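J.: Residue numbers (this note's numbering), protein chains in the order written: chain A, 5 to 204; chain B, 5 to 204.
Hints listed in this document are in silico derivations from the structure and should not be mistaken for laboratory results.
Treat each hint with caution, since some may be false.
As the list claims (entries may be wrong) - Listed next, the in silico DSSO-like pairs over lysine-lysine satisfying Cα-Cα at most 30 Å (straight line): (1) B:6 / B:176; (2) B:6 / B:46; (3) A:118 / B:68; (4) B:118 / B:21; (5) A:118 / B:27; (6) A:6 / B:21; (7) A:27 / A:68; (8) A:21 / B:136; (9) B:46 / A:27; (10) A:68 / A:21; (11) A:118 / A:6; (12) B:176 / B:118; (13) B:118 / B:46; (14) B:176 / A:21; (15) B:136 / A:176; (16) A:27 / B:118; (17) A:118 / A:46; (18) B:27 / A:46; (19) A:27 / B:176; (20) B:27 / A:136; (21) A:46 / B:136; (22) A:21 / B:6; (23) B:176 / B:136; (24) B:21 / A:118; (25) A:46 / B:46; (26) A:118 / B:176; (27) A:176 / B:46; (28) B:21 / A:21; (29) A:27 / A:6; (30) A:68 / A:46; (31) B:27 / B:46; (32) B:27 / A:21; (33) B:21 / B:46; (34) A:27 / B:6; (35) A:176 / B:118; (36) A:176 / A:68; (37) A:136 / A:176.
These figures come from a predicted structure and were not determined experimentally.
Protein chains: 2
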Amino acid sequence: MKAVRAALELFATTGFKGTSIAKVAERTGLSQSGLLHHFPSKAELLSAVLEERDAEDGAFLTGKDGEAPLGWDAFDAIEALVARNSTRPHLVGLYVRLSAEAMEPSHPAHNWLKDRYTGMTAWLTDAVRIGKVRDEIQSDAPASVLVHNTIAVVDGLQQQWLLYPERVSMVKEFGAYTADLRSRWGPRREGDRHDGRVGR
Amino acid sequence: MKAVRAALELFATTGFKGTSIAKVAERTGLSQSGLLHHFPSKAELLSAVLEERDAEDGAFLTGKDGEAPLGWDAFDAIEALVARNSTRPHLVGLYVRLSAEAMEPSHPAHNWLKDRYTGMTAWLTDAVRIGKVRDEIQSDAPASVLVHNTIAVVDGLQQQWLLYPERVSMVKEFGAYTADLRSRWGPRREGDRHDGRVGR
């Protein structure tokens, strides 16, 4: 829907708080009362924007069988999402702006933000657990460290890339990060080189 | 100064845009005109807040000789700063909020934000270069990847920690990240264990 797209673009650049309903209406080509007929408040417009974004990402991350990938496949799936995000600066901008604003417990997207972290954390924790069962990941790999740092790298790179798109390549940096993870925590094999390059 | 401290706390929780001069004056116990006498605009108050924050961090990061640490010492210094930040949630909140708001080129802190990334990047790039000269870091270590990912982990962990202080330990996660970096890119030695734990 056109209003959701307009709201997304405005929230992404000037933030949720810095965007007025009037501005969204103007960009949509609707009167303010016409827009409010569909979305009674700015918070409902925000919900629609986040739902659209999450539905897209969710569909992208799950396989054809509708299951989320596990083991190292989960990290590959995030890498693919990072590559996709590299073509969608407006969505990355939306996420960076909103996730910082929504730190405040009274923000209408606060629960969305907490749910997003809880969901990512649960999925990746499961991915590491199953990776161990499958002998893809060493049994002593510290799951919570891998999970938190992986999410941190994704979030942190977005910020740098938005500021310096010509200097920071999210795909290259994240790819190197996961290659190092595999090298460090992939399966041990006889005859591995002494510098720790394993599992590639 | 009391007004700077009040502004810092308000910017950290409700953001720069969401904080009014009136609110800062109220918390400082000054009249609005009294506050404006010292700080003619909210942007000047923001500059004072950021200067105070950066001066503190800068003093903390440089050694007694006034020089910034290089080689792996630079990563140790960041680890110490992360530990210190773990006791200062209001400053971390300020940084997370402002750095997202200031993505917008018209924001009064936009240049501060760009300078902060440029400065961190230049320092860490130099740290890796000198680490190679000193044979602390392997000569083929990809400097820009190490630099961007290290900054990303620091930034990303702050966000998770603010949301889930009981679940995320910035010190533990960042410590594990740098330990893996050293393991992967520390000096090669004869007789290293095959899992790549070197340079610890």
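J.: Could you run down the list of hints and mark each one as holding or not?
T.: Against the structure, the hints:
no.: 1; hint: B:6 / B:176; verdict: violated (34 Å)
no.: 2; hint: B:6 / B:46; verdict: holds (15 Å)
no.: 3; hint: A:118 / B:68; verdict: violated (41 Å)
no.: 4; hint: B:118 / B:21; verdict: holds (19 Å)
no.: 5; hint: A:118 / B:27; verdict: holds (28 Å)
no.: 6; hint: A:6 / B:21; verdict: holds (27 Å)
no.: 7; hint: A:27 / A:68; verdict: violated (39 Å)
no.: 8; hint: A:21 / B:136; verdict: violated (47 Å)
no.: 9; hint: B:46 / A:27; verdict: holds (24 Å)
no.: 10; hint: A:68 / A:21; verdict: violated (38 Å)
no.: 11; hint: A:118 / A:6; verdict: holds (27 Å)
no.: 12; hint: B:176 / B:118; verdict: holds (28 Å)
no.: 13; hint: B:118 / B:46; verdict: holds (20 Å)
no.: 14; hint: B:176 / A:21; verdict: violated (34 Å)
no.: 15; hint: B:136 / A:176; verdict: holds (22 Å)
no.: 16; hint: A:27 / B:118; verdict: holds (28 Å)
no.: 17; hint: A:118 / A:46; verdict: holds (20 Å)
no.: 18; hint: B:27 / A:46; verdict: holds (24 Å)
no.: 19; hint: A:27 / B:176; verdict: violated (44 Å)
no.: 20; hint: B:27 / A:136; verdict: violated (53 Å)
no.: 21; hint: A:46 / B:136; verdict: violated (53 Å)
no.: 22; hint: A:21 / B:6; verdict: holds (27 Å)
no.: 23; hint: B:176 / B:136; verdict: holds (26 Å)
no.: 24; hint: B:21 / A:118; verdict: holds (23 Å)
no.: 25; hint: A:46 / B:46; verdict: holds (26 Å)
no.: 26; hint: A:118 / B:176; verdict: holds (21 Å)
no.: 27; hint: A:176 / B:46; verdict: violated (39 Å)
no.: 28; hint: B:21 / A:21; verdict: holds (8 Å)
no.: 29; hint: A:27 / A:6; verdict: holds (13 Å)
no.: 30; hint: A:68 / A:46; verdict: violated (35 Å)
no.: 31; hint: B:27 / B:46; verdict: holds (11 Å)
no.: 32; hint: B:27 / A:21; verdict: holds (17 Å)
no.: 33; hint: B:21 / B:46; verdict: holds (9 Å)
no.: 34; hint: A:27 / B:6; verdict: violated (37 Å)
no.: 35; hint: A:176 / B:118; verdict: holds (21 Å)
no.: 36; hint: A:176 / A:68; verdict: holds (26 Å)
no.: 37; hint: A:136 / A:176; verdict: holds (26 Å)
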